[in-house]
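Trainee: Here is how the chains run, residue by residue.
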Amino acid sequence: MSLTLETLAKAFTGLMPEKPVPEPVPDTPEAKDSAADAPAKDEAPAEPPAPVPPFFEQVDFNLRGFHLDATVLPDQVVPVASLLDEHGFAIDAVTGVDWIAEEQMEVVYDFFHPTEPWRVAARTRIPRAQPEIQTISEVFPGANWHERETHDFFGIRFLGHPDLSPFLLPEDADYHPLLKDFEA
Amino acid sequence: MSLTEDPIRLLLFLACTMAFVGFNAAYLVWVERKGAGRFQRRPGPTEVGPAGLLQPVADAVKLMSKQLIVPPGADAILFRLAPIMVMAPALMCFVPIPFGETLAGRDINLGLVMIFAFGSFNVMAIMLGGWASRNKYAIISAARIVSQNVAYEIPMLLVVITLIMVTGTMDMNEIVRQQEGWFWNWNIFQLGANPLMPVTFLIFFICMLAETNRAPFDMAEAESELVAGAFTEYSGMGFGLFFMGEYAHIVIGCSLGTVLFFGGWQSPFGALSGVPWFLLKMYTLCFIVIWIRWTFPRTQFYGLLNLSWKILIPVSLGTLILTSIMLKVF
Amino acid sequence: MNKPKLDLVPTGPPAAPGENETFVLNLGPQHPATHGVLRVKLTMDGEFVVRAEPVPGYIHRMHEKMGENRTLPQFLPNTSRIDYLSAMHYTHAFTGVVERAMGIEVTPRCEYIRVITSELNRISSHLVWFGAFLLDLGGFTPLLYAFDDREQILDLLEGLTGARLTYCYYQIGGLYNDVDDAFLDGTREFVSYMRPRLDMYRKLVTDNIILRKRLIGIGVISQEMCRKYGAVGPVMRGSGVAYDVRRAEPYSAYPEFDFDIPVYDEGDSMARYMVRMEEMEQSLRIIEQALDKLPDGEVNVKVPRVIKVPPGDYCYAVEAARGRFTVRLVSNGKPIPYRLKLRTPSFTNLSLYEEASQGMMLADALALMGSLDLVIPDIDR
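Respectively, the protein sequence lines represent chains C, Y and D.
Quick note on numbering: the first sequence equals residues 398 to 581 in this note's numbering.
Quick note on numbering: the second sequence equals residues 13 to 342 in this note's numbering.
Quick note on numbering: the third sequence equals residues 4 to 384 in this note's numbering.
It should be emphasised that the hints constitute simulated quantities derived from the structure, not laboratory data.
Accuracy of the hints is not assured; some may be wrong.
To be verified - No more than 25 Å apart at the CA atoms, straight line, and that leaves these computed lysine-lysine pairs for BS3-like: (1) Y:Lys148 / D:Lys337; (2) D:Lys305 / C:Lys577; (3) D:Lys68 / D:Lys305.
Unchecked claim - A few chain C positions that, by computed beta-carbon distances, are all more than 12 Å from chain D: (4) Phe452; (5) Leu480; (6) Arg520; (7) Glu529.
Even glycine gets a Cβ: it sits at the ideal position worked out from N, Cα and C.
Between the sequences and the hints, there should be enough to build the whole structure, so can you do that?
Mentor: Here it is as structure tokens:
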């Protein structure tokens, strides 16, 4: 039985709501003004924003390169991984992004399916001052090495990980190079 | 045999043997490197001397000029003894081999036994070298060599016993004399006595490859796994002696093959026998040994041992029994 | 293929550390069998591997940080050096992600030429793997035969791009220069030269009894293990999963070509070997079709002078010689990327080595490692 995108989306609704597609703004002068009032996208807020409620959305593959994008809370990471494991996905990569202006770090999980053409990306935000998140290496042993590398580069601690010693960096490294405030 | 004649003759023979072994070690290497080059679509050594003929000389000078490093934890006596133990018995093995009708060190009744006795020193020497080096790679290699050589001595000896039953003598010159005449008198074609004689030769050849640690049975020095195996810690002439010993053993093995199966110094046409025929046959076998090395990949270690214990030993026992039946009944 | 006679293949019980006398053998960074600087800490019980722990990082150059310090076009030379043996594929992924994010559509001629050069690169990469793998197994000669064939590809690509190994031929929006007749004729000649050579390799090497005994039944990797570890490429296809990015997420001009995806179910080293040998054959097919159908026209499209990607994150995946290579680009609208993640196939392919090699003998463990086709700079980046 092949896995359709609808089945996958329905499975996700068990964990989080689907983001409704925003209504297209009608092309009237009043609407244009109100759109201009909205804050600019790349303007950084002063304090770390409140945690975004989790949602998933189906995105355009030809633009983004994946089909499903899920924004989750840090403690939903393992359930999402388990859900995808049940549906037969494989781990593609686990990586981090340092949003220094927002005082947050984003951990992005990429999954691909060996027999269906679906690609899923799950992302979560954790506070930069205390970057800790549960490991998914029990669900996907392959994530072990990815998380070790992410720890090397960002200092994100994966709770429950068997061995977070430096992986690609020298054994005595105590710095994290991909942080935006890293001085060589 | 007067007092002055015999020792002089023996000394002369020893000197010539050492020269022969040295020459072989050097120029068989040249043949191997040129051959390897040609098999691999490249020229091989061409720089030193015409067609690279002085390359072995250059290599020898290089090896002799290198510092003899002894690793700190190594067993002082055994580490230095091992290379000597490879070369000295190899030289002894040349004594009974008949190069020509009158060209042999000593006509010894138990020539074959002597060769096998001294030939087994090879195993012990390499094992000692590997063990005395105090290097994990060397020890693994030494362990592999011991199992491999023990496993392959047995079919080799069984095969040789088969042959002794056919020829009735262990004197190597006598064996060659029995094969005079046209080439169908050679032992390999004596199907009347042993219908499986070519199989016997094949087993002998395989065992000879394994005894001398040549590919595809070169687990000991499996270069891409164990770096240089038992010889990892040897530098300069220590390594050079191991190397020379390996080629000396190849020459011994091929000489044995020639004498036992292909008529030694007998010519294939019944006339004009002599040393050149012996050398021709021996070097052809050496060339085949070199050819095989550059063609086949290496077996796994248990594949090697399985081949010996599960296939070669039963087959050689079978040919032994078959030969004895044939000799007794017919 | 023969069913492996498993009773001849001993697998010792993996001893718990401290139970038997185990010793640690360091397959150090410099070793003939690890192609590149990879260190593997082997805990051995005699000849059996109890635990094999790969320690990468000896050639870690931090390409991802370099991606944050360069503009997008300036990063193009880096892409060739991540996995130098399949440089074209990696540049393709990088230009692909930028083109996808900016909505640039390249011309058909450019796509076809990208496919031709990528497939030539795949063949040359597989030839290196073939030679080096057989060198590991003790067969010294096929390496030089394979390199002889590879020289022809390298000469063709050198005439086209100027580089023998680390090509930087694709640019964002097209190619640096168009192909000329010399390249097209030379490629056609190469295709007709290579087919009989592959046949010769089959007779000389693949059908060799010693090689078959060395590979059949050795290093079996199950489908489930591939999925859990994210192993891709010939490793996954050798375990029975027909996953190829060219079919799963079709990109460039691949949908227009007719080619097979070789899949073998056994999951042993022989299966992975056969997958790669057949992939070379299929690459020749693709090249032939692309040469026949090569459209005319321009190769470059107009792109803005300063390349800026709209904010957001984007992915692009290609089927490199070793498997699935993904570039994930996170941009904040500036010409310099905010984050550039490179997901490389050798990294995940090696991650299953620790579990897969338990209880194997040393020679078999090294055969397994060779059959994974690792390029260490690919692991370390």
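Trainee: Between D:Lys305 and C:Lys577, does the CA-CA distance stay at or below 25 Å?
Mentor: Violated. D:Lys305 to C:Lys577 sits at ~33 Å, over the 25 Å cutoff.
Trainee: Quick check for students: does the CB of C:Arg520 sit more than 12 Å from each CB in chain D?
Mentor: Given a closest Cβ separation of 8 Å, the condition is violated.
Trainee: Can we trust that C:Phe452 is non-interface, i.e. its beta-carbon lies farther than 12 Å from all of chain D?
Mentor: 16 Å, holds
Trainee: Taken at face value, is the distance from the CA of D:Lys337 to the CA of Y:Lys148 at most 25 Å?
Mentor: 55 Å, violated
Trainee: Hinted pair, alpha-carbon criterion (25 Å max): D:Lys68, D:Lys305. Please report holds or violated.
Mentor: 29 Å, violated
Trainee: Just checking, C:Glu529 versus chain D, shortest CB gap more than 12 Å?
Mentor: 20 Å, holds
Trainee: Does the claim that C:Leu480 lies outside the interface with chain D hold up, using a Cβ gap greater than 12 Å?
Mentor: 15 Å, holds
In this structure, the hints that do not hold are numbers 1, 2, 3, 6, in rising order.
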